[in-house]
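Since the structure of chain A is already known, use the hints to place chain B on it.
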Amino acid sequence: MTDILNAFVVFANFVLVPGAAYGAQLALGALGITLVYGVLRFSNFAHGDTMAFGAMVTVLVTWWMQGHGVSLGLLPTALLALPFGIAATALFVLATDRVVYRFYRRQRSAPVIFVIVSVGVMFIMNGVVRFIIGPDDQNFADGARFLISAGDFRRLTGLEEGLAIKSTALLTLVVALVVMAALFWFLQKTRMGKAMRAYADNEDLALLSGVNPDRVVMVAWILVAALATVAGVLYGLDKTFKPFTYFQLLLPMFAAAIVGGIGNPVGAILGGFVIAYSEVAVTYAYKRFLGHLLPESLAPESLVQLLGTEYKFAVSFIILVVVLLIRPTGILRGKTI
Amino acid sequence: MSASLRAPVLFAFMAAALAVVGFYQSWSLSLAILNLCLISSIMALGVNVQWGYAGLFNVGTMGFAAIGGVAAVLVSAAPVGEAWSAGGWGLFLSLLAVIGTIIAIVLIRAKMPKGRARGFAVAAAILVGYTLARWAFDPAVDAIEAVDPALSGYLGGLGLPITVSWAVGGLMAAGVAWVIGKIALGLRSDYLAIATLGISEIIVFIAKNEDWMTRGVKNVTGLPRPVPYEVDLQQAPWFLERVAAWGLDPVEASSIYVKLSYALLFAAVLLVLLWLSEKALNSPWGRMMRSIRDNEAAAEAMGKDVTARRLQTFILGSAICGIAGAMLTTLDGQFTPGTYNPLRFTFLIWVMVIVGGSGNNWGSVLGGFLIWFVWIQAEPAGRWMMDVMTMGFGEENPFRLHMIESAAYMRFVLMGLILLVALRFAPKGLIPERTKLG
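Going down the list, the protein sequences come from chains A and B. Take any residue in the first sequence, count from 1 to its spot, add 100: that is its number in the numbering used here. Take any residue in the second sequence, count from 1 to its spot, add 1257: that is its number in the numbering used here.
Don't read these hints as lab results, they were simulated from the structure. Think of the CB as a built atom: it goes at the ideal place given N, C-alpha and C, for glycine as much as any other residue. You may find that some hints are simply not true.
Per label pair, the in silico range of CB-to-CB distance [claimed, not checked]: (1) B:Pro1485 x A:Pro400: 51 to 61 angstroms; (2) B:Ile1356 x A:Ala298: 20 to 30 angstroms; (3) B:Val1266 x A:Ala381: 54 to 64 angstroms; (4) B:Pro1336 x A:Ser402: 44 to 54 angstroms; (5) B:Ser1446 x A:Arg433: 19 to 29 angstroms; (6) B:Gln1282 x A:Leu277: 53 to 63 angstroms; (7) A:Phe203 x B:Leu1286: 44 to 54 angstroms; (8) B:Val1436 x A:Ser402: 43 to 53 angstroms; (9) B:Gly1595 x A:Ser402: 21 to 31 angstroms.
Bound conformation, chain A alone:
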């Protein structure tokens, strides 16, 4: 029995808990991508760098607050700085929309032109972030490190294996849940949210019904900025803040949005967790897990790892390809434009 418990604890420690936090981060990122896709009708290549930008502003404000002795006690100070990050990012993306995207929207350019334009925006954001904060790792996490550490867990339960839960993992899940609940409340219950869904569904019909397109687009960008900043900050707290990693997240986030059904918010969340758990599960070495379950003589000698961790991004890509081949609209039917 203890063997089974030990095996479960190992599995929870290395797959279940990290996967949940990573999944929530991907889901928030994918929600932003899906929102741009639904309302503005293009794949936003600048989304990863929008996350980096939001996280960067939050990091800077956090440092400033830490310098002035502001603290949230057990919680990271970054939570206090988050609204500033969101506000700055919202201003930035609204400015880009005004200067860049609006022109092509009025021209009714093809989606692929928007994608190329977003590459230009990506370049600029990339340069701005590196210019301000540099290309290196930055640490801005404070507050309690662990909800429960591996040692404490072992002492509490008397099991051989420990289960460490980082406080940032729980924080990620709670914040993600709150943000998602707020988003769905907004989309389902408010007048603006309904207008946005109508606009995403059928632009011409929505316009005929008196929906103000400029307001819809504006609110959508603000939501995207908020989602991107929250996702970027949570990822940075949980792992590390480094500008390039946000660009690399683009692939798993797109995969999450498409696998779930692009344009469909529930799909984005589902996709985020599907991608995160597959990545973690495929790159996890099952040696210790199996060691507890199997009798001594059968215990594996190799790592029992399907793919090296360096190939974790390949996993999201393979899932993406398989879903595109079998069910191009995604698990929950998304839209195709």
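Showing chain B alone in chain A's frame:
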């Protein structure tokens, strides 16, 4: 300015810019920029074949360039016999397992009726094949990587002349493009973008991590060169004589001689590819491609096989990028997987094509020259500008130091601005596509 004069004037301007660098900075630098301009132009040509001819949005140029680099290693590096005898059989067996699995899957899919049983059979075949392949592969890789890890630890290449790898790189890139195209070209345009973005990341991950093939981040250095070495030239009597006759410094002259030889080789490749691309563009095939790009439904109604034609252009364009990738590794003399960066190897190429003129081969070549030139020169220019702008602060002022240190990143912003301005105000590029009316 009339359209026919535009291209020559712009190219003359480009030549003048390189000459200015030669006179005011150094000819060695000018030629170094020229060489990379030539390679960038070839890559831009490849992207133009895909985007300009057929409207395919491929953001995987980095991956195809990396394939070219791998080809350069596999073709030209000296073979490591010991590694082959240590792990060659194991690799061969795992390759057999992979081929066997593929054959098994094809057979299962052909013989069994569609349904749940077939799905399980395919899954079982994959599982068995994967286990067998790993069983043979893992020890072989360990054995190979254990062979003198500081110097080799990989299989090495064939030891052939490195210029052969240019063609091989093109062929390998074409092969990979065929697989990707088969999967992704039937899908919507932005899915192709995401698929190519993903595959290019994966190719670079493979190059970084499969040490038995490419030595990974340990890099493969000392690849053979198609041109003489500077040290040899500096001791060759004929060269010293010539240099003395012209009153040049032998060290400087040897460096220029080497770079010039590269430039001639690259220019020859560029001209051949450019000629072929122009021929293709102005052939019935090229007209068909443009008709597919501009009105897919009409082309399809005329009986054109849209997907097959797209696959064709996708493969051709990717092959050109593969050739350029192999040439780049040749110029560097080493393969360094860690340096492949999507901004530099994919998106910068896109800026070249858009700015130069998508759909026009000459335009893409010009874009390759111009953007590479700006990209290189923006770094010292940015540093100088920051230096001047922050002159008012003290020499050791942290703000001033930060600004100067970070100036290099301003060129990303500059490239973004160039791309956005070009798209907005000159969406057809500097040398627009020629359209024949009537």
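Going down the list of hints, with the structure as the test:
Between proline 1485 (chain B) and proline 400 (chain A) the beta carbons are some 55 angstroms apart, a value that agrees with the proposed interval 51 to 61 angstroms. Between isoleucine 1356 (chain B) and alanine 298 (chain A) the C-beta distance comes to about 53 angstroms, which lies outside the given range of 20 to 30 angstroms. Checked against the given bound of 54 to 64 angstroms, the beta carbons of valine 1266 (chain B) and alanine 381 (chain A), roughly 60 angstroms apart, stay inside it. For the pair proline 1336 (chain B) and serine 402 (chain A), the beta carbons lie near 29 angstroms from each other, so the given range of 44 to 54 angstroms is not met.
Between serine 1446 (chain B) and arginine 433 (chain A) the beta carbon distance is about 20 angstroms. The supplied range of 19 to 29 angstroms therefore holds. Checked against the given bound of 53 to 63 angstroms, the beta carbons of glutamine 1282 (chain B) and leucine 277 (chain A), roughly 58 angstroms apart, stay inside it. The beta-carbon spacing between phenylalanine 203 (chain A) and leucine 1286 (chain B), approximately 39 angstroms, falls outside the hinted interval of 44 to 54 angstroms. A C-beta distance of roughly 29 angstroms is found between valine 1436 (chain B) and serine 402 (chain A), which places it outside the suggested range of 43 to 53 angstroms.
A C-beta distance of roughly 28 angstroms is found between glycine 1595 (chain B) and serine 402 (chain A), which places it inside the suggested range of 21 to 31 angstroms.
In this structure, the earlier hints numbered 2, 4, 7, 8 are contradicted, and the remaining ones agree with it.
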